[in-house]
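Colleague: Chains as they are written, first to last, in our numbering: chain A, 0 to 218; chain B, 373 to 473; chain C, 47 to 396.
Wrong hints could be hidden among the right ones.
[Claimed, not checked] Below, simulated EDC-like cross-link-like pairs (lysine to aspartate or glutamate); rule was C-alpha separation at most 16 Å, straight line:
id, chain 1, residue 1, chain 2, residue 2
1, C, Lys193, C, Asp114
2, C, Lys119, A, Glu77
3, A, Lys87, B, Glu461
4, B, Lys472, B, Glu461
Source of the hints: derived by calculation from the structure; they are not laboratory data. These numbers were taken from a predicted model, which means no experiment stands behind them.
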Amino acid sequence: MLALLFILFAGLAIGCGLAVVAQRNPLYSAISLIGVFISLACLYVMLAAPFIAAVQVIVYAGAIMVLVVFVIMLLNVEQEERGRPRLKFLVPVAVALSAVLIAEVAFILVSVQEFRVNPIANPSDVGLTHSIGAQLFTRYLLPFEITSILLLMAIVGAMTLARRGGLLSPNARVIPGAQVLPMSLVDPHAEPDDLRPVEAETSDEAARVMGITDQSKRD
Amino acid sequence: MEPQLSWYLALSAILFTIGVTGVIIKRNVIAMFMCIELMLNAVNLTFVAFASFFQDVTGQLFVFIVMTVAAAEAAVGLGIIIAIFRNRESLDVDDASILKL
Amino acid sequence: MDTAIDIVLKLIAITVAFTVVLLIVAYTVLAERRVLGFIQGRLGPNRVGYGGVLQPFADLLKFILKEDIVPDKSTRFIYFLAPVIATMAALMTMIVYPFGPDITIPFTNITIPLTIARFDVGLLYVLGITSIGVYGIALAGWSSNNKYSLMGGLRASAQMISYELALGLSLIGVIMIAGTLDLGQIVENQSAWHGLRWYIIFQPLGFIIYLIAAIAETNRVPFDLPEAETELVAGFHTEYSAMKFALFFLAEYINMFTVSMLATTLFFGGWNVPFIDAFLARGSFLYGLISAIGFIVKVCVFLFFYIWIRGTLPRFRFDQLMNFGWKFLLPLALFNIFLTATLIYLFPNL
Numbered sequence: 000m001l002a003l004l005f006i007l008f009a010g011l012a013i014g015c016g017l018a019v020v021a022q023r024n025p026l027y028s029a030i031s032l033i034g035v036f037i038s039l040a041c042l043y044v045m046l047a048a049p050f051i052a053a054v055q056v057i058v059y060a061g062a063i064m065v066l067v068v069f070v071i072m073l074l075n076v077e078q079e080e081r082g083r084p085r086l087k088f089l090v091p092v093a094v095a096l097s098a099v100l101i102a103e104v105a106f107i108l109v110s111v112q113e114f115r116v117n118p119i120a121n122p123s124d125v126g127l128t129h130s131i132g133a134q135l136f137t138r139y140l141l142p143f144e145i146t147s148i149l150l151l152m153a154i155v156g157a158m159t160l161a162r163r164g165g166l167l168s169p170n171a172r173v174i175p176g177a178q179v180l181p182m183s184l185v186d187p188h189a190e191p192d193d194l195r196p197v198e199a200e201t202s203d204e205a206a207r208v209m210g211i212t213d214q215s216k217r218d
Numbered sequence: 373m374e375p376q377l378s379w380y381l382a383l384s385a386i387l388f389t390i391g392v393t394g395v396i397i398k399r400n401v402i403a404m405f406m407c408i409e410l411m412l413n414a415v416n417l418t419f420v421a422f423a424s425f426f427q428d429v430t431g432q433l434f435v436f437i438v439m440t441v442a443a444a445e446a447a448v449g450l451g452i453i454i455a456i457f458r459n460r461e462s463l464d465v466d467d468a469s470i471l472k473l
Numbered sequence: 047m048d049t050a051i052d053i054v055l056k057l058i059a060i061t062v063a064f065t066v067v068l069l070i071v072a073y074t075v076l077a078e079r080r081v082l083g084f085i086q087g088r089l090g091p092n093r094v095g096y097g098g099v100l101q102p103f104a105d106l107l108k109f110i111l112k113e114d115i116v117p118d119k120s121t122r123f124i125y126f127l128a129p130v131i132a133t134m135a136a137l138m139t140m141i142v143y144p145f146g147p148d149i150t151i152p153f154t155n156i157t158i159p160l161t162i163a164r165f166d167v168g169l170l171y172v173l174g175i176t177s178i179g180v181y182g183i184a185l186a187g188w189s190s191n192n193k194y195s196l197m198g199g200l201r202a203s204a205q206m207i208s209y210e211l212a213l214g215l216s217l218i219g220v221i222m223i224a225g226t227l228d229l230g231q232i233v234e235n236q237s238a239w240h241g242l243r244w245y246i247i248f249q250p251l252g253f254i255i256y257l258i259a260a261i262a263e264t265n266r267v268p269f270d271l272p273e274a275e276t277e278l279v280a281g282f283h284t285e286y287s288a289m290k291f292a293l294f295f296l297a298e299y300i301n302m303f304t305v306s307m308l309a310t311t312l313f314f315g316g317w318n319v320p321f322i323d324a325f326l327a328r329g330s331f332l333y334g335l336i337s338a339i340g341f342i343v344k345v346c347v348f349l350f351f352y353i354w355i356r357g358t359l360p361r362f363r364f365d366q367l368m369n370f371g372w373k374f375l376l377p378l379a380l381f382n383i384f385l386t387a388t389l390i391y392l393f394p395n396l
């Protein structure tokens, strides 16, 4: 019974994994990757790790892949063109090398002894939320705190990378219909009492009037 | 017959190898990024399998940390990808092979 | 075999729950149209059947028989997949809610739990499945090959992921008080004080944050800009017709129902009807029945509240919505966590 479930979820994971590599359209690859994550979450439940399974769905399938799908949609990524890759025999050599890797791992697995402990047959506290929490906040507190600083670094880094150059002041709200704003409100580098008028119909026009050139904008 | 530890390790190895193949073959940088995430997940599966067959919760804690690191890496990595796209107008890694724009 | 009987019982339970949920959701659509009508000074649909009770079936017939139009240049696989993801994610959360206490069937010794699946990370499971629901909307907007759909889809999914954070954080207060993520255990913790120890007494701020975030999650007024009829044609489901649109429609109302059930379970005592344990033994059949009916009544009160808000409030503009979610609701939810932690430390015996 459990073996059947394992074969089902493992087959699903491997199938979706092959689809991630084989698909040409990145959006289909992303959806297949979500399938891999969900089948791995089911495998975690079979391994008596319900908390990690739930966190896998929330973090990987529900947050990271949403980010990837958004980026694919916003950048309007097309299918990969059928041009020639720079190395002519890239695909056959890659497949051959990965077959060698699998053969090495299979050799190791076959020559190692089997363990008889089965996680479902011996119910224990491992994997329940409170046992994870007990260890995470006492013995492994330092990695936990460092991880939180790492996340802060990621937030700051992502915001810095995704910003366009030459921002308008955050107080500038140009409503369509041609209004006149003082320069101090629109340009963050102007003096606070610079009241020269800026007349614009959209925020882009205001940026152009003030001379904020945006090199990353294409016409 | 219940699934043995070696079954889980074999599955993890296969997923990892598929990820490695993907990183080598793919030309689109977002697809390469997704194959890297596949490799990270294969490693997570190994950790959780060992944690449950050895009745030790440390493996699951490391999976937690690995997931957090993967989330941070995804955020920054996608920011870098967007910056590359803005400057070179192409998501093909073969077009990004020299530093000059 | 034992497992075979188990599986059959679970399948029967799932079928019963599925039917009940679909019936309640169908009648919620009817109730919304009638209640909105009364709020706006008119009668809603009341011709079909006595007072309009057969209206949902008429709607269903209309949806099934409508012509199914597929846009020419859309990505076909994703176009068909998106409503399926939305509905699946909405329905999959049903299984963890406790509809009542364990009932003993009279004259036999069989005890059946009124939860389909009870596992110890129930609340995290609900949050995870809610995160999957974002894909239905984002992929629907993308695959329709229509710029209004894409804008609507991106806006709706951005709104959903922003308010998911506030939703999750507002629930942490309840988890801290209950000490567990298991929804059945949370409801049983609320049966002290003759069934009146509801967590809303301890977490009023958390409840308000949860309510606002839940209304934003389900894309209802006042947060329904991405799918309002006067904006962006119809948002992400512009290009969908007939049965696929019915699936999106259904997914939205089932989401509403799910979120109301979560609010009832966490803040309003779940199946605890106050003061009935004074004259009914716990575990008896009548107690279980009244508790289950009490649960459904509480959920329906929440659904009425949703409909009432829809008839009363204007809608937010999109940047006001995002501002509100990130700059006001999220810090407030964090403050709620600190406040709860301080109060638990100061009064550990409540």
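Colleague: Any hints from earlier that this structure breaks? Give me their numbers in increasing order, please.
Modeller: 1 and 3
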